[in-house]
Structures are given as C-alpha cells and as structure tokens.
Amino acid sequence: MSDIRKARKVLVTRILEGGGEASRSQRRAAFDNAETAEPVRTLIHKVALHAHQVTDDDVAAARKSGLNEDQIFELVVCAAIGQANRQHDSALAALAAATGRNEHAPRDSR
Amino acid sequence: MRLAILDSGHGFGTRALFALIRMASRQPVLDVIKLVKYRADFYGTPMGAVTHEAMRGPSAWSVGDRELMAAVVAKTSGCEWCTRAHSAVAQGAYRDAAKVSAVLCDLDTAPIEEPLRATLRMLRKLTREHAVDADDMRAVLAAGATREQIEDALAVCFAFNTVGRLADAFGFFQPGPEVFEAGAKYLLARGYR
Numbered sequence: 000m001s002d003i004r005k006a007r008k009v010l011v012t013r014i015l016e017g018g019g020e021a022s023r024s025q026r027r028a029a030f031d032n033a034e035t036a037e038p039v040r041t042l043i044h045k046v047a048l049h050a051h052q053v054t055d056d057d058v059a060a061a062r063k064s065g066l067n068e069d070q071i072f073e074l075v076v077c078a079a080i081g082q083a084n085r086q087h088d089s090a091l092a093a094l095a096a097a098t099g100r101n102e103h104a105p106r107d108s109r
Numbered sequence: 000m001r002l003a004i005l006d007s008g009h010g011f012g013t014r015a016l017f018a019l020i021r022m023a024s025r026q027p028v029l030d031v032i033k034l035v036k037y038r039a040d041f042y043g044t045p046m047g048a049v050t051h052e053a054m055r056g057p058s059a060w061s062v063g064d065r066e067l068m069a070a071v072v073a074k075t076s077g078c079e080w081c082t083r084a085h086s087a088v089a090q091g092a093y094r095d096a097a098k099v100s101a102v103l104c105d106l107d108t109a110p111i112e113e114p115l116r117a118t119l120r121m122l123r124k125l126t127r128e129h130a131v132d133a134d135d136m137r138a139v140l141a142a143g144a145t146r147e148q149i150e151d152a153l154a155v156c157f158a159f160n161t162v163g164r165l166a167d168a169f170g171f172f173q174p175g176p177e178v179f180e181a182g183a184k185y186l187l188a189r190g191y192r
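Top to bottom, those sequences are chains A and B.
Under numbering that gives the first Met the number 0, the first residue of the first sequence is numbered 0, with each subsequent residue one higher.
Under numbering that gives the first Met the number 0, the first residue of the second sequence is numbered 0, with each subsequent residue one higher.
Derived from the structure by calculation, the hints contain no laboratory data.
Computed from a predicted model, the values in this text were never measured in an experiment.
Among the hints, erroneous ones may be present.
As the list claims (entries may be wrong) - Simulated pairs of lysine-lysine, DSS-like, Cα-Cα distance not exceeding 27 Å: (1) B:124 to A:45; (2) A:63 to B:36; (3) B:36 to A:5; (4) B:36 to B:98; (5) A:8 to B:36; (6) A:8 to B:124.
Take the sequences, apply the hints, and build the full model.
This is how it looks when you write it as structure tokens:
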C-alpha cells in the first residue's frame, strides 16, 4: 500500500513551522480556520469550506488589508491543507473504529 | 490567476523551464505547474512528495482507479479545473473514456467493480460533508475493499482535497481540452514529483 504519513507530516511541518512571510501564528490560524480578523477570516473560511466560492474581491480585500501576495499565498495554502488534513484524520479515525484497530500510532513513531 | 506572483513571480531558472515546456509541448504552461514551481520549498516540493506517493506509490488500486478518485473528489467539491484535468488522466490510464464519463455522470450505474464504487461513494461523502463515520467505512469494507485500499484512497482524497481548494482559490485559468490532454500524458509518464 502507499504511505503518505511521513510526507504529510513533512508538508504540515514545513508550512506551519518553516520560514515564511506570514507569521507562524497567522499560518496556524489559517490552517485551523480560526482566523478572526476580517477580511482574511472570510477568505480563509471560504478556502476551507467553499473554495469554489472564492472571488477576486475576496483576494483583493485581503490585499487591501495590508497582506502582500506572498502572505496571501501562504495563508491560502495553509487553509487548504489544514482542512484536507482534518478530513483525512476524521476518515482515518472512522476506519480505525470500523476495523477495531489503529495501526497508525506505532507506524508513525518509527 | 488571482495572485500575480503565481503567474509571473518565478525566478529566472523556472521561467526558462516554462519557456522550454511551452516550446516542447506547444501548449501554455498549466496553472498548477506555475503554482507548484512558485517558492517550491514552501508548497510544491513537499506536496509533490505526498501526491506522487498517493497517485503512483504501491497500491492495489490501479493508476486509473486513483486518477478516477481524484476526478470524483474534484467534481464533488465543485472544482471544474481538477475534474477536467484528472478525467483526462484517468481516461488515458484506463484507455476508456466512456468508463470515466459514466462514473462522473452516475456512480450508481457506472460499469465498475463494487469495491471501487463503494470507495468512491465514501470519498464523495468525505469531500462533501468534511467527515465520515465508522458506518461509512463498514459499508466500504462490506463491498469488498480492504483496509489498505481504503487508506490508499484516503491518501488520494487528501491530495485532491488540497489541490482542488487551491485551484479554486487561486482561480486557475481554464484551458482547452488539448492542454489537459498534454498534461495527462505528462502525468502518466512522469508522475507528480
């Protein structure tokens, strides 16, 4: 079987803890869909839950709020990966519950 | 695209690579390539490792099955760009365009095996509702998919739950079918790294 666990961990660690133009706390908030300040909150929320509804105006508003394009790039990437990650974890937990075994913990710790 | 940096903010070496791609393929560079090559250490390189493993790593699912999963996930999330792109790859991998069209049109009646059908149903729910439960997984297992196959399908879903959001959020340009055809040939020959 394929195994994305290590690569997924590297990806998440990179976007949240590696260097970037947005602060680590901004990236974490985007990843968690927990941004509170508008207009960035709307953009992040849409990316996480209704990405096809993102408009030019949403991105323009984020730019006008003072974010540069690199910061918007990073925050949108964090929001997308954060939501996909939550969905993935939810599904793995459901699979473990259905099969009565969780083989992730020991393999993750290798 | 909505961010100018993703269209034209690449370094000299990457811009030279794009010129080569345009010359060799006689097609414009797809926006997904522009995305993964922009500050590749932040997103493109680490995400490429995830996507390549999910789509081309060892699996009981064929490459065509996994590309079909990508297309179904994309269609469910409303991402037209990824639906077109990965339908083209799945059609190429299966050498069967009708099968891919049938699945995207009506999963319940499409001519596919039951383990794949049940897996695609679960991926659709996960993408649409952002969560699934143990009963959803039991239904897939009862249809004959193994636990390993389900994990492999979830890896595909993770990759395309990410990429689809980015395609929509950044506003990927919708090219003609010939550009997706060229992209599909590349992905079948080289993968995602």
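Find the hints from earlier in the document that the structure breaks and name them by number, from lowest to highest.
4
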